[in-house]
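Chains B and C: place on chain A using the hints.
Here the protein sequences line up with chains A, B and C, keeping their order. Position 229, counted from 1, in the first sequence is what numbering that gives the first Met the number 0 calls 228; the numbers after and before it change by one each time, with no gaps. Position 155, counted from 1, in the second sequence is what numbering that gives the first Met the number 0 calls 154; the numbers after and before it change by one each time, with no gaps. Position 203, counted from 1, in the third sequence is what numbering that gives the first Met the number 0 calls 202; the numbers after and before it change by one each time, with no gaps.
Each hint should be verified, as a subset may be incorrect.
As the list claims (entries may be wrong) - Heads up, simulated DSS-like pairs for lysine-lysine below, C-alpha to C-alpha not over 27 Å straight-line:
#1 B:Lys118 with A:Lys174
#2 B:Lys85 with A:Lys174
#3 C:Lys113 with A:Lys34
#4 C:Lys113 with A:Lys8
#5 A:Lys8 with C:Lys179
#6 C:Lys113 with A:Lys277
#7 B:Lys137 with A:Lys278
#8 C:Lys109 with A:Lys8
#9 C:Lys12 with B:Lys118
#10 B:Lys117 with C:Lys12
#11 C:Lys113 with A:Lys278
#12 C:Lys12 with A:Lys174
#13 C:Lys109 with A:Lys278
#14 C:Lys179 with B:Lys85
#15 A:Lys277 with C:Lys109
#16 C:Lys292 with A:Lys101
#17 B:Lys129 with B:Lys184
To be verified - Simulated restraints on C-beta separations:
#18 A:Phe275 with C:Arg58: 55 to 61 Å
#19 C:Gly52 with A:Met99: 30 to 36 Å
#20 A:Ala273 with B:Arg30: 53 to 59 Å
#21 B:Ser148 with A:Arg6: 53 to 59 Å
#22 A:Ile95 with C:Phe107: 44 to 50 Å
No lab work stands behind these hints, which were simulated from the structure alone. We treat Cβ as the ideally placed atom computed from N, Cα and C, and that holds for glycine.
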Amino acid sequence: MNGARTRQKVAFFVLGVATLLVMAPIAMTILYIIKNGIGAVTWQFITESPRNGMKEGGIFPAIVGTILLVIGTMVFSLPLGILSAVYLVEYARDNIFTRMIKLSVVNLSGIPSVVYGLFGFTLFVIFLKLGTSILAGSLTLAIMSLPVIITATKEALEAVPASFREISLSLGATKWQTVRHCVLPYAVPGILTGTVLSLSRAAGETAPILFTVAAFYLPRLPRSVFDQVMALPYHLYVISTQVPNMPMRLSFATGFVLIALVFLMNLVSIVLRAHFRKKKQW
Amino acid sequence: MVAEAIIRTVNLNSYFSSLQVLKNINLEINRNEILGIIGPANSGKTTFLRALNRLNYLDPAYSQDGEIFLANQNISDLSDTVLRKKIGIIFALPQVLPVSIYDNVAYGPRVHGTTQRKKVSEIVEDALRKAYLWDEVKDRLDLPAPRLSGGQQQRLCIARTLAVEPEVILYDEPCSGLDPISTAKVEDAMQQLKENYTQILVTNNTKQAARVSERCGFFLMGELVEIGETSAIFTHPRDKRTDDYVSGRFG
Amino acid sequence: MYRWEQMSARRIKEFVIESCIRLSGLLVIAFVFLIFLFLLRDALSLFRVYRLGEFLFGRNWQPVSEPPKFGMVPLLLGSIYVTVGAIVICVPIGVASAMFIAEVAPQFLKHVLKSMVEILASIPSVVLGFIGIVWLGPFLRNTFNLSTGMCGLTGSLLLAFMALPTIISISEDALVSVPKSYREAAFGLGATNWQTLWRIVLPSASSGIIAAVMLGVGRVIGETMVVMMVTGNAPVIPHSILKPLRTLTATIAGEMGETVGGSEHYFALFAVGLVLFVLAFLINLLADVYLRKARK
Numbered sequence: 000m001n002g003a004r005t006r007q008k009v010a011f012f013v014l015g016v017a018t019l020l021v022m023a024p025i026a027m028t029i030l031y032i033i034k035n036g037i038g039a040v041t042w043q044f045i046t047e048s049p050r051n052g053m054k055e056g057g058i059f060p061a062i063v064g065t066i067l068l069v070i071g072t073m074v075f076s077l078p079l080g081i082l083s084a085v086y087l088v089e090y091a092r093d094n095i096f097t098r099m100i101k102l103s104v105v106n107l108s109g110i111p112s113v114v115y116g117l118f119g120f121t122l123f124v125i126f127l128k129l130g131t132s133i134l135a136g137s138l139t140l141a142i143m144s145l146p147v148i149i150t151a152t153k154e155a156l157e158a159v160p161a162s163f164r165e166i167s168l169s170l171g172a173t174k175w176q177t178v179r180h181c182v183l184p185y186a187v188p189g190i191l192t193g194t195v196l197s198l199s200r201a202a203g204e205t206a207p208i209l210f211t212v213a214a215f216y217l218p219r220l221p222r223s224v225f226d227q228v229m230a231l232p233y234h235l236y237v238i239s240t241q242v243p244n245m246p247m248r249l250s251f252a253t254g255f256v257l258i259a260l261v262f263l264m265n266l267v268s269i270v271l272r273a274h275f276r277k278k279k280q281w
Numbered sequence: 000m001v002a003e004a005i006i007r008t009v010n011l012n013s014y015f016s017s018l019q020v021l022k023n024i025n026l027e028i029n030r031n032e033i034l035g036i037i038g039p040a041n042s043g044k045t046t047f048l049r050a051l052n053r054l055n056y057l058d059p060a061y062s063q064d065g066e067i068f069l070a071n072q073n074i075s076d077l078s079d080t081v082l083r084k085k086i087g088i089i090f091a092l093p094q095v096l097p098v099s100i101y102d103n104v105a106y107g108p109r110v111h112g113t114t115q116r117k118k119v120s121e122i123v124e125d126a127l128r129k130a131y132l133w134d135e136v137k138d139r140l141d142l143p144a145p146r147l148s149g150g151q152q153q154r155l156c157i158a159r160t161l162a163v164e165p166e167v168i169l170y171d172e173p174c175s176g177l178d179p180i181s182t183a184k185v186e187d188a189m190q191q192l193k194e195n196y197t198q199i200l201v202t203n204n205t206k207q208a209a210r211v212s213e214r215c216g217f218f219l220m221g222e223l224v225e226i227g228e229t230s231a232i233f234t235h236p237r238d239k240r241t242d243d244y245v246s247g248r249f250g
Numbered sequence: 000m001y002r003w004e005q006m007s008a009r010r011i012k013e014f015v016i017e018s019c020i021r022l023s024g025l026l027v028i029a030f031v032f033l034i035f036l037f038l039l040r041d042a043l044s045l046f047r048v049y050r051l052g053e054f055l056f057g058r059n060w061q062p063v064s065e066p067p068k069f070g071m072v073p074l075l076l077g078s079i080y081v082t083v084g085a086i087v088i089c090v091p092i093g094v095a096s097a098m099f100i101a102e103v104a105p106q107f108l109k110h111v112l113k114s115m116v117e118i119l120a121s122i123p124s125v126v127l128g129f130i131g132i133v134w135l136g137p138f139l140r141n142t143f144n145l146s147t148g149m150c151g152l153t154g155s156l157l158l159a160f161m162a163l164p165t166i167i168s169i170s171e172d173a174l175v176s177v178p179k180s181y182r183e184a185a186f187g188l189g190a191t192n193w194q195t196l197w198r199i200v201l202p203s204a205s206s207g208i209i210a211a212v213m214l215g216v217g218r219v220i221g222e223t224m225v226v227m228m229v230t231g232n233a234p235v236i237p238h239s240i241l242k243p244l245r246t247l248t249a250t251i252a253g254e255m256g257e258t259v260g261g262s263e264h265y266f267a268l269f270a271v272g273l274v275l276f277v278l279a280f281l282i283n284l285l286a287d288v289y290l291r292k293a294r295k
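Chain A extracted, bound-state conformation (with noise of 0.2 Å):
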């Protein structure tokens, strides 16, 4: 029995040692770029525009570019990802029908995201004619973040008690009525969450937005939803690749920044998902 148990300590110590091993960098990694960009991102490094070829100055434009894809993303993928979900599970029955749609979003989940830039290309700026804008990006990063959208409401819808539905459907009630009274409200935490998890994502995403809407140095702020616009991840790709005699600091400074904003919208999620939690009425 002894050469088991200390097989199962070595085993372990191994299993632990690996484990080490995923979390040591990670810690690492986060505290590295704290360490190096923290001491540039002063509060007009937040709201100025940048100079001199983006070796001055601030990163405001991009900031706003980021939010503004943000927004653009959550107006275009949030109905179509609530409504394709509600479909599946309230509506749709098991048929071929049925699975082709759920292999669509598993398929949609893993195509590379230079796949999806080059989609928005041929797609919104050359042959709906929209430009590289922030209408084309947006809508880009929407049907990127379809797949997230869906399976997370998917998961919120299918968590609502039957008996609700029965309940509903029992006194007479459509069944649009069923959804939009009895389950889609209480639907809503995890819609929420899944929803600030995808648009996270989207905001830290750099090659979807390459070549439909990221422009190289716009110090102005959009004007309409059919300009260019500056955006976080694509700014850092440029200053860290293709600007000779970047200041350091202002690199790391802007890293800081990207990794900071998406960390908060996790944040937000999290706190969300806890918030509901508690408040569970059933």
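For chains B and C alone, coordinates are given in the frame of chain A:
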């Protein structure tokens, strides 16, 4: 008083996938009576009940043939919303929506188009009175319904059903989760409702059927074995199987 | 009792809403087809003037030479090299971590570890690429005495890092959903925790873990920014992972800005995109098959 049939089933057969659950049910239910439906588990009693307001179709594996008439009109001519307004149901475990008492009862009228606050409040109070719940909750209509006791919740379900003004009320073993006092209150409510509603009570408790119903039908393995006056069913049933069941030789 | 005008209006409204809902379900399928079709349309334009065989099997990717060469092999090999390199690193470590989190870690540690993994999952790829440029690249260059730190290995390491959350969370799900009865049977026979884990739980979670690996592969093959920033920029057939190379994804992202719409180069990039789409489609299809097996 001549008994008038308000519901008639003609050669009703029910299937879940290939399993036949009801076999050739021919049955009449008279206006303003309380009809008891008794039988052991899995005899098709609940399926029969839920066939009347088409709730069985919530299960995609369900199919049926035969006809059901409500007041001489084939129910397949009625839409789901109209049918379920006329025939309401109380489930076995008290199922309340996680909203206030008021909103639970108001739900039905609201989905059917009544939205004026005053009218809805009148309907809510009327329904709660008929379900013998008004006095206990009139001061706290905003209380979330799940906070009520089991018996109160079940009477809330009755009020909720009454609020849409049905003609028929179905009860699917409504007191199975309740203590004797709550059960008595529910049975009292049923007696009072007899005046204006037809009621069908499915129950595993033969004594309850004997207390409450005027006529009784005995279901066994999907067949309607016997139906008649309650006193006759319990004292001198015509079929041996009925006799075995009501005297407790099997259950 | 029934106001018929009201009833009809309600019916119409209901019908409109239900139609919108049904349409939304359809749109998801439509998007997949749309993406495929638009990629195909522009990719086919290439094959009108350039032989398909040359594209698929050609060993030279030289879009600006005269005549231009669009052989995909160096790019495909580049993608394969970094992917294999990444998988070799992240699968053992990832599955081992999943085992630790699922079976060994006490409750509070489990929460911490899972949160850390979620944090990793949310780091944008461009930030990791940035770290590759400013730290990992120079570090590898100094350690291995390379001519440049911008090589396949740098990419593989970072990609392995990025794929870890996928591998860990799906493997952990697979391990946790092994029925308790299996474990209890093993304990009843006197097995230790480790023996149970190694001989019973792990094998029965294998479908889920294989699915996790495939999804990890899909994630790595599709990654763009990291590879664009750190693997150098050499669209040549790679002979070593310590040298610069180019992946399919980085080619599209890097060269799109330099093409003229409607030119051969432009269509060639769409052909590369189509290849990526098909690859990702197949990998995800396979992964889904294994996930279904796991759920049974």
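Outcome of the hint check:
1. B:Lys118 with A:Lys174: This hinted pair holds, its Cα atoms lying about 25 Å apart.
2. B:Lys85 with A:Lys174: holds (18 Å)
3. C:Lys113 with A:Lys34: holds (24 Å)
4. C:Lys113 with A:Lys8: Holds, because 23 Å separates the two Cα atoms, which is no more than 27 Å.
5. A:Lys8 with C:Lys179: holds (23 Å)
6. C:Lys113 with A:Lys277: Given that 27 Å is the threshold and the Cα spacing comes to 21 Å, the pair holds.
7. B:Lys137 with A:Lys278: Holds. Lys137 of chain B to Lys278 of chain A sits at ~26 Å (cutoff 27 Å).
8. C:Lys109 with A:Lys8: Measuring from Cα to Cα gives roughly 19 Å; hence the hint holds.
9. C:Lys12 with B:Lys118: Roughly 24 Å separates the two Cα atoms, so the pair holds.
10. B:Lys117 with C:Lys12: Distance ~26 Å between Lys117 of chain B and Lys12 of chain C Cα, so the pair holds.
11. C:Lys113 with A:Lys278: holds (24 Å)
12. C:Lys12 with A:Lys174: With a Cα-Cα distance of about 12 Å, the restraint between Lys12 of chain C and Lys174 of chain A holds, given a limit of 27 Å.
13. C:Lys109 with A:Lys278: holds (25 Å)
14. C:Lys179 with B:Lys85: Violated - the C-alpha atoms of Lys85 of chain B and Lys179 of chain C are around 48 Å apart, more than 27 Å.
15. A:Lys277 with C:Lys109: Holds, at about 21 Å.
16. C:Lys292 with A:Lys101: Measuring from Cα to Cα gives roughly 16 Å; hence the hint holds.
17. B:Lys129 with B:Lys184: Measuring from Cα to Cα gives roughly 12 Å; hence the hint holds.
18. A:Phe275 with C:Arg58: 55 to 61 Å: holds (56 Å)
19. C:Gly52 with A:Met99: 30 to 36 Å: holds (33 Å)
20. A:Ala273 with B:Arg30: 53 to 59 Å: Given a distance of about 55 Å, which is inside 53 to 59 Å, the answer is holds.
21. B:Ser148 with A:Arg6: 53 to 59 Å: holds (57 Å)
22. A:Ile95 with C:Phe107: 44 to 50 Å: holds (46 Å)
When the structure is compared with the earlier hints, a violation turns up for hint 14 alone.
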